[in-house]
Structures are given as structure tokens and as C-alpha cells.
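S.K.: Following the hints, complete the assembly by docking chain B onto the known chain A.
First to last, the sequence lines map onto chains A and B.
The opening position of the first sequence corresponds to residue 1 in full-length UniProt numbering, with each subsequent residue numbered one higher.
The opening position of the second sequence corresponds to residue 1 in full-length UniProt numbering, with each subsequent residue numbered one higher.
Please note that the accuracy of each hint is not assured.
Below, in silico cross-link-like pairs of lysine-lysine (DSS-like), each with a Cα-Cα straight-line distance of 30 Å or less [claimed, not checked]: (1) B:57 x B:242; (2) B:28 x A:182; (3) B:118 x B:206; (4) B:28 x A:284; (5) B:206 x B:183; (6) B:242 x A:358; (7) A:182 x A:284; (8) A:182 x B:183; (9) B:202 x B:118; (10) A:358 x A:127; (11) B:57 x B:28; (12) B:183 x B:118.
The following label-pair restraints were derived from C-beta to C-beta distances [to be verified]: (13) B:205 x A:382: 29 to 37 Å; (14) B:250 x A:190: 37 to 45 Å; (15) A:264 x B:120: 58 to 66 Å; (16) A:238 x B:266: 19 to 27 Å; (17) B:65 x A:227: 53 to 61 Å; (18) A:128 x B:92: 43 to 51 Å; (19) A:92 x B:191: 21 to 29 Å; (20) A:382 x B:35: 28 to 36 Å.
Hints listed in this document are in silico derivations from the structure and should not be mistaken for laboratory results.
On a predicted model such as this, the values are computed, not experimentally measured, just so you know.
Beta carbons: idealized from backbone N, C-alpha and C, even for Gly.
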Amino acid sequence: MSSPDGTAPPDRPDGTAAGQEQPTIEDLVHEDAGPTPRFEDLAEEHAEHEAAQPAEVMTESGTESAAASTAVPAEPEKKMDLGPVGHLGDRLFSAFARGSGGLVVLIVAFVGIFLLALAIPSLADDKSSFLFSRIWEPGGDQPRFGIAAMFYTTVISSIIAMLIAVPIAIGVALFITYYSPKRLAQPVAYAVDLLAAVPSIIYGLWGIMFFAPILLPVINGLSDVLGWIPLFEKPPGDNVGVVFTASVVLAIMILPVVTAISREIFAQTPISHREGALALGATKWEMIRMSVLPYGRSGVVSASMLGLGRALGETVAVLIILSVPNGNDPWNSSIFAGGETFASKIANNAAEFDSPEKTGAYIAAGLVLFVVTFLVNSAARIIVDRSAPGGKRPRRNRRAGAAQGASS
Amino acid sequence: MTAITENKPAYDGQALDLTGKSGARAFKNTLATVLIVLAFLIAMIPLLWILGTVISKGYHLLLNADWWSQSQRGITVRRQGGGAYHAIMGTLIMSLITALIAVPIAVLGAVYLVEYGKGTRAARVVSFMIDILTGVPSIVAALFIYAVWITIFGFNRVGFAVSLSLVLLMLPVVLRSTEEMLKLVPDELREASYALGVPKWKTIMKVVVPTAFGGIVTGVMLGLARVMGETAPLLILVGYSKNINLNPFNGFMGALPTMINQDRTELALQPAADRVWAAALTLILLVLVLNVLARLVARFSAIKSK
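Just chain A, same shape as in the assembly (with noise of 0.2 Å):
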């Protein structure tokens, strides 16, 4: 800005015209400036450019004389200065936007650091392994409290979920992107959407009463043909409110989200790629194949990862479906047993935080899933990271040209 003779700035040649105009640009700038504490030193250094050349400067009053003095070629480097100088309001503002900034770090940095604080009493008094005891006892003079057989629940039961839930996802994504008639695809999008806007508590009610009865025939099915294998063994009776049921409800919830993701990145894929395919005579679904999936692998393996992240906090739902087993039977590993997730105890117990100690054992569970799902979310997160577009994924790019050609 500062022009070498010391007159008027290079992009106003005409004086006169600077010296109108420039009233109005400069309330603009200055109209906040305020008392600042740097206020003093500018209108200091402003009175000595006004002594020491009197003739030159002012036909403006005040501050703007400041920003005019920037011809004088004496000191560049304070001049520099001027734009933080005057705006109190952007120090301030940006103050507050760096402030909100820290406070989401600050926020998940708290709850990691409240919950721990508050269930290390209760984890040294437990006298059972925390991590692989399957009793849960808190509270009395001997807590005893594990959390094998919440975290092998909410595991298991989430697990599958995903299982279902990704390949419906990953149809539903393509039926939006490629298959779908132009017009119907927005709508449809919106649908799937609409989806994750039902309360997981009316998930819950339907489940059990409605969505329930139609799996028994599925769960009988399943465990005549894979009885033998403990985990599809269907212990006697017709108890609907099984961990397979949870997991089936959750793939419904966790759908939207895995559904989104998937239907943006394939969205994504470079046009080149597609018609190139189906340039070298690919049919639609051998383009899908080539092209289009290995450039959206990496998202929905984020996509499904959130939703596993999902699954694995899903609270009310789960509460509902899950019958909890009696206290007296045997611990039963199989998803045609009921069951308690990590979630769902402790929704189930809240009336029972009568105590410092049994509250501890439950915050000491809630630590365990918000570091299940910290480390879960963060997995998907990095995998994002890495595949982000822009950064091309050569490995991938190879890999879906030797396809390319090996089918051609």
C-alpha cells in the first residue's frame, strides 16, 4: 500500500477523489475500532506523522489519518499492524469462535475424564475382574461386579446388525445412484432418511409387539439348521426378546446412516471411470463392480464402522426388545438367548443409583462403551482420512484395472 513519493496511494491517482470516497470505506473499517488497548500507540504514532509532516496529511480527522499515514515510507513494519489494531470486535469474535472450537475438545476431553474419575472408587472396591467377570453385583459391603458378559452382548448383537445392515445399505446406495429412475431417486433418498428420524423408542415398541412375532419362524429356522453350533443353539420356549431380534431392529436403525455415506461416495466416482468401463463393453452391474465399488470401498467401510458405532450405544430400543434372563440361569452365549447390552443395563438400573459405590459400577460399564465407541468412530474416522477424494488410492485404482482387465 504505502507509495514510494508519500502522496496518494498507487490505486488512487486522483487525490480529491481519494480524499471524498475514502471517508465512508474508512467508517466502514473503523466504525468498531473502540478503545482498544493498542488504540493509544496508533494515535501516538499517528501525532508524530502529523508533526513531522503537517502539509501532507490530514484531510480526514482521527484514526483514518492513521491508515492514511501508511505512505510514509518511515516505518513499514508498525503499519503492517493496522489490521488487528482497530477491530476490537474481531479480536472478540475470534476469541469466541476458537473458544467454542476448545470447548468440543474440551467437552469429549470431560467426559472421558468425569466418568473415569468417578468410577475408580467403585473399580477398587469391585471385588471381582472387572473385565472378566460376568456377575454383576454393585452395591453391599462385597461389590462384585464384570462386564464379560454385557460387552460379549452388545458386541455380538451390534456385529450382526452391521452384518445385515451394510449389504442392504450397500443396494439401497447404489438403487439411489444408479439404478433408481432419475426422478424417484430423491424421494427415495429422503425415505431412507426418514428412517433414522423414528425415535428408537418406537423402534423398540414395534419391534417387540409387531416385527417380534414374524422373526420366530426365522429363529426356529436357524437354529434347527445351525443348532449345533452354541451360538445358534435356541435355548426351550418362544422368548421373542432374543439378541437376534435386537440385532435385526438395529440393522433397520443403523441403515440410514450406513445408506447416506455409501450413496455419497459412490456418487463420487469419477465419470471417467464408469464410462470407461462401460466403454470396454462392461455391463452396468460388471461397471458397478469395476468402478464404482472399489472407488467407494473405503466409505462404506467408514460408513459401516458408524454404524457399528451406533448399534453399540443404541439404548432404548434395545431395553425394550431384550428380555433380561433371570438371575439364576446359566449364562447363555447363544443370539437366541436374551441378554443385556452395556446400554440397556444401565437405562434399566437408573432407579438403582442410590449409592456412590453402585452408581461407580455403572459409569465404570458407560466408561467401557464410550471407549468402544471413541475407538470404533475413530477407526472409521481415520479410514476417511486416509481415502479422503483428492488423495487418489493407487493400490485401488490398480486393483480395479488389472479387473478391468481381466474381464475384457
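M.R.: Same frame as chain A, now just chain B:
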């Protein structure tokens, strides 16, 4: 596009004959199409089924004016009557407080990510933490607030505590959608503003945020829709009250999810079952209306890129 149409014969039967395995390839193609359409149909079944169930079982109570103006005070599971006014108001009050706390933080956080922190390490950390926050289960958010609000500070279980835990769930939704919208604001607008000498904060407040306003509203509505249906924090942080309590700082409060939860074990009794499904329908209506509105706002306020 022309490339595709011109090459179309290449993947019709004729060209496939040249490869000698046309039958198998054509069959696979058909099979894939069938499976994909089937996947779509399967995905639609639960949505229609749930909506159908809830509407058919719940609509008749909603037609009654009492439903919108009365509470459940003094009404037992065996008796008909009463309404959901206490629960609707509870849900609205708690969601509103949540929004009042979450939205400013979310918008400023997004402004930080887009306008101030772009490309810095700090912004990457914040962005990562937002992703983590997105994945925090509602029960963990509720336990966290329980730990702070009740165990450490020794306060009571009240509606405001629920709002605090819902903030954790709403914040990332609003922040992400706001961030996406701010990114879409063309740099030309910012540059034009700077060129006029407008300070950065004013550029953001008067140019950037207003341009993205529609998108921000969409995000807020989607966030509200998400927290309205949450049940877990209600179970842990506030008791269910059948009476009208509009004070979020004192006493138990009704809410639609807990109203459903209250009577769900009594579904064999017709009055209780009617109320459960009517409350479910009311909740779905609230959430769906917000969702649909959000999408309409998004559609009509989309930023026009050059």
C-alpha cells in the same frame, strides 16, 4: 453422456456374444439389478410398517382436543381420558433449552473451523473431536451429565440436566451442517467485503452467516429432531411426571418418550395402549414435521454457486 449412448450396443447381447460368455454375464447383470431393487424394497418395508402401525393405532386420540390440552394427572392405566399436554410441553421446553445452548456454540465452532482454523492442526483436532462427539451414545452423554450434575454438584434430577446432555448430542449435528454450508459460501463474497474494508468479524456476521442461513436452520431442525426422540437421558436425568410442570429447574417433567415408556409394560390394557400409540404418533409427527421442514428450507435456500 454421448459416450455412453454411442457405446450402448457394446454391452447389448450382440457384443457380449463375441466374448463367448454372454449368458452368464447377462444373467449376473440381471441378478444384480433384481437384488438391488430388492434391497430398496426391503428397506422401505420397516418405514411403511412402522408408520402404518403408529398412525392406525394412535390417530383417534389425536383427534380429541383433550389430547392437546390436558395432562395425565390422576389418570391410571385402566382409565381413559387425559392428554399429552404435559409431555408435549416438556419435550418442547427441553428441546428449546438444548437448542439455545447448542446452536451458538455450534455456529461459532463452525465459523472457527471454516474461517479461522482452516488447515491448522488445532482445527483438525477439533474436527476429529466433533466426529467423536457424533458417535457418543446418548446413554454415555446422560451418564456424563449425571456424574457432573448430580454426583459432583449434588443437584436434583431436573429437566435442565436433560437439556445439558442433549446439547452433547445436538452440537455435532448442527456444527457439521453449518460447517458444510459455510464452506459453500463463495470466497468472492468474502473478498468483496474485505475489499470494502469491512472487518473480518463483520464480514462473517453480515455476509457469510446470512448467506448460509438457510443451511444453518436446516441443521438446527435436524438436530432438534434428533434430540426430541431421545429417551435414555430422560430415563436417567429426570423422572416422569403426569402433571404439568413447565419449570425445567425444579421437579420431574413429562416428555413424550417417557410417556411412552411409562405405559409400555401395560399394553394389554386398552386405555394404556391407546395412549402409548397416540404419544408415539405425536412424537413421530413432531420429528417428521421438523425433518420435512428442514429439507424444504434446505431446498429453497440453497446457496447458488456460479
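S.K.: Given the range 43 to 51 Å, decide if the beta-carbon distance of residue 128 of chain A to residue 92 of chain B lies inside it.
M.R.: Since the Cβ atoms of residue 128 of chain A and residue 92 of chain B sit about 45 Å apart, the hinted range of 43 to 51 Å holds.
S.K.: Regarding the pair residue 28 of chain B and residue 284 of chain A, is the alpha-carbon distance no greater than 30 Å?
M.R.: 10 Å, holds
S.K.: How does the Cβ-Cβ distance of residue 92 of chain A and residue 191 of chain B compare with 21 to 29 Å: does it lie in that range?
M.R.: Since residue 92 of chain A and residue 191 of chain B have Cβ atoms about 23 Å apart, the given range 21 to 29 Å holds.
S.K.: Would the pair residue 358 of chain A and residue 127 of chain A pass a check requiring their Cα atoms to be no farther apart than 30 Å?
M.R.: OK: residue 358 of chain A and residue 127 of chain A at ~13 Å, within 30 Å.
S.K.: Take a quick look at whether residue 183 of chain B and residue 118 of chain B sit within 30 Å of each other, Cα to Cα.
M.R.: Judged against 30 Å, a Cα distance of about 10 Å means the pair holds.
S.K.: Do residue 250 of chain B and residue 190 of chain A keep their Cβ atoms within the hinted range of 37 to 45 Å?
M.R.: The hinted range 37 to 45 Å holds for residue 250 of chain B and residue 190 of chain A, with Cβ atoms some 41 Å apart.
S.K.: In this structure, is the beta-carbon distance linking residue 238 of chain A and residue 266 of chain B contained in 19 to 27 Å?
M.R.: With Cβ atoms ~22 Å apart, the hint holds.
S.K.: Residue 242 of chain B and residue 358 of chain A were given as a pair; does the straight-line alpha-carbon distance stay at or below 30 Å?
M.R.: 28 Å, holds
S.K.: Return holds or violated for the Cβ distance of residue 65 of chain B and residue 227 of chain A against the range 53 to 61 Å.
M.R.: 55 Å, holds
S.K.: Does the alpha-carbon distance linking residue 118 of chain B and residue 206 of chain B stay inside the 30 Å limit?
M.R.: 20 Å, holds
S.K.: Could one say that the CB atoms of residue 264 of chain A and residue 120 of chain B fall in the range 58 to 66 Å?
M.R.: Roughly 26 Å apart at Cβ, these two residues miss the hinted range, so it is violated.
S.K.: What's the verdict on residue 202 of chain B and residue 118 of chain B, does the C-alpha distance respect the 30 Å limit or exceed it?
M.R.: 18 Å, holds
Hint check: violations occur at hints 11, 15; the rest are consistent with the structure.
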